[in-house]
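Trainee: Below, each chain spelled out in residue letters.
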Amino acid sequence: MQYNIITVSKLSKSYRISLNSTFQALQDASFTVQKGQIVSFIGANGAGKSTLLKVLVGINKPTSGYVKILNHSNDSLYAKNKIAFMPENPQFFSELNALTTLTLLARFYENGVKDVGEILRSVGLYEDRQKPIGTFSKGMKQRLGFAQCLVGNPAIIFLDEPLDGLDPIGRKELKEHFLKLKEQGVTIVLCSHILSDIDEISDQIGIIHAGRLLSLTTPKEFKQHQSLETAFVNHIKNFK
Amino acid sequence: MKALITVIHLTLLQIIKSKIFYLSLVLSLFLAVAVILFSDISLGQNIRIIQNFGLAGTFLLAVLISILASANIIGNEQQRGNIYLLKTKPVADLTYITGKFLGLTFGLLIIYLFSFLLVFAGASIFYEINTTQIIAPFVLSFLEIAILIAVAVLFSSFSTALFASILTLAIFFLGHSLDLIRSATTDSGFFLESVGQLVYYTLPNLEKFNLRETISNLPNLPTTYYWWTVIYASAYIIFCLCLSVIASNKREW
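These protein sequence lines map, in sequence, to chains A and B.
Per my numbering, residue 1 is the first one in the first sequence, and the count goes up by one each step.
Per my numbering, residue 1 is the first one in the second sequence, and the count goes up by one each step.
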């Protein structure tokens, strides 16, 4: 049965940039996400995509509005047990190795996985599990960033530019991973610049421009027989 | 509890695998050699020099490492962005702050104990060291280091690593000069006197933990002095950690 796993209502976020001026990074965003969907947000640089994800996962607090995860506040421990987040350019404790890092991170969850080796194998890092993360390439860190999302058996995964810095094989593998998780009922919310990838995997596409969520609809409805890129550019132009 | 232990474990691993840890081991070795060599040119005061120089040296090394490690581990964690790893996990702010503090404190205990043992075990090969005389100064010095770690955790929760280190270092120097500050500001006008009083009562009085300089003729302090010092240190640490939790909760990442 489909139900709303994320409820976002009138979400706004502004940052103080000087004593008497603020920057409105997000304005009145309201939407819901159903269980088992892949929802992607696209937008230009600085549009507010990363801010949206950070507010959704509770790293940043909204100026107004609220986010509910499974009917609980998103900064409650209950909600945090159900979600995972991969930031843009994920950073780790560079002195530790991948195996130790994931093993320790899994312990935070009530339902954490016991054998993180399997997760490392699934993202192609098993052979490098004992190397210090400081020696990892950007692509390897990106894959580890995704791997750390899986250690708590989450119901929802939030990903900020997850395909950035990956080679074509890595991107393909990760997309297959997303689809496999979706089959298992995991909800994925992501933002990305790589429109072709988003087009392939998303159930819903959200357009963010200047802090506003302009639309959230299915790829088919959004594109209306155009390429995603053309549809996106036209959408932004029409808004202006 | 599991989350707290995991944060402590993670922090301890970060310390043990860091360059600062290895640097402290090498410096401890140098310190041990220096103390023994230095005592040789001390005209019959060898043991006194070893005790004074050894206690002061190991303490200063531990203070330096505690400030560097706290700022590095907490401050850089926030600046580099790996704070997101923990902030999105089911870890309450109180658990995170307490875990970081305890992890750093255990890590520093290992470093301090190692350098202390290296210096005094090394010296005891050549001289007869009275161990009962050096235990109390060591324990109180460690409490002082724990306070400095809590202060560093507090400053790291709302500022950068560098700024937190500078502020903690300032607290270290001010904390050892509180009596001087109070007497210098007494009868110097309402404003200065009030500032002096404010500083005196809000900053930690670190001189309470300093038995290092009186080691050669350690005063016969009553047992209650030690208990009150432990209670004072614990209260100050809890106060700093509570403020850190509030600051951390309010901070935008």
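The set of hints was computed from the structure by calculation and includes no laboratory data.
Every residue gets a Cβ at the ideal spot worked out from N, C-alpha and C, and that includes glycine.
Wrong hints could be hidden among the right ones.
Beta-carbon label-pair distances, calculated as ranges [stated by the list, open to error]: (1) ALA34(B) x THR135(A): 34 to 42 Å; (2) SER137(A) x ARG251(B): 30 to 38 Å; (3) VAL199(B) x TYR3(A): 52 to 60 Å; (4) PRO132(A) x ILE135(B): 50 to 58 Å.
Away from chain A, derived, C-beta distances all over 12 Å, residues of chain B [to be verified]: (5) HIS9; (6) ILE16; (7) SER18; (8) ASN52; (9) GLY81; (10) LEU85; (11) VAL91; (12) ALA92; (13) THR95; (14) LEU167; (15) ILE181; (16) THR185; (17) PHE190; (18) ASN210; (19) ASN249.
Trainee: So SER18(B) supposedly isn't at the interface. Is its beta-carbon more than 12 Å from every beta-carbon in chain A?
Mentor: Given a closest Cβ separation of 6 Å, the condition is violated.
Trainee: Taking the minimum C-beta separation from LEU167(B) to chain A, is that value above 12 Å?
Mentor: holds, 23 Å
Trainee: If I claimed the Cβ atoms of VAL199(B) and TYR3(A) lie 52 to 60 Å apart, would that claim hold in this structure?
Mentor: holds, 58 Å
Trainee: Between SER137(A) and ARG251(B), does the C-beta distance stay in 30 to 38 Å?
Mentor: Because 31 Å falls inside the window, the suggested range holds.
Trainee: Please verify that the nearest CB of chain A lies beyond 12 Å from ASN249(B)'s CB.
Mentor: violated, 9 Å
Trainee: Since HIS9(B) was said not to touch the interface, does its Cβ keep a gap of more than 12 Å from each Cβ of chain A?
Mentor: The claim breaks: HIS9(B) does not keep its Cβ more than 12 Å from every Cβ of chain A (closest is about 6 Å).
Trainee: A cut-off of 12 Å on Cβ-Cβ distance, and LEU85(B) was said to be off the interface with chain A. Does that hold?
Mentor: Contrary to the label, LEU85(B) does not stay out of reach of chain A, its closest Cβ about 7 Å off (not over 12 Å).
Trainee: Beyond 12 Å from chain A, beta-carbon-wise, is THR185(B)?
Mentor: holds, 33 Å
Trainee: Can the suggested window of 34 to 42 Å be confirmed for the beta-carbon pair ALA34(B) and THR135(A)?
Mentor: With a Cβ separation near 35 Å, ALA34(B) and THR135(A) satisfy 34 to 42 Å, so the hint holds.
Trainee: Taking the minimum C-beta separation from THR95(B) to chain A, is that value above 12 Å?
Mentor: Non-interface label on THR95(B) violated, nearest chain A Cβ at 9 Å vs cutoff 12 Å.
Trainee: Does PHE190(B) clear chain A by more than 12 Å, comparing its Cβ with all Cβ atoms of that chain?
Mentor: holds, 31 Å
Trainee: Does GLY81(B) really sit off the interface, with its C-beta more than 12 Å from all C-beta atoms of chain A?
Mentor: Given that some Cβ of chain A is not farther than 12 Å from that of GLY81(B), nearest at about 4 Å, it is violated.
The structure does not agree with the numbered hints 4, 5, 6, 7, 9, 10, 11, 12, 13, 19 stated previously, though it agrees with the rest.
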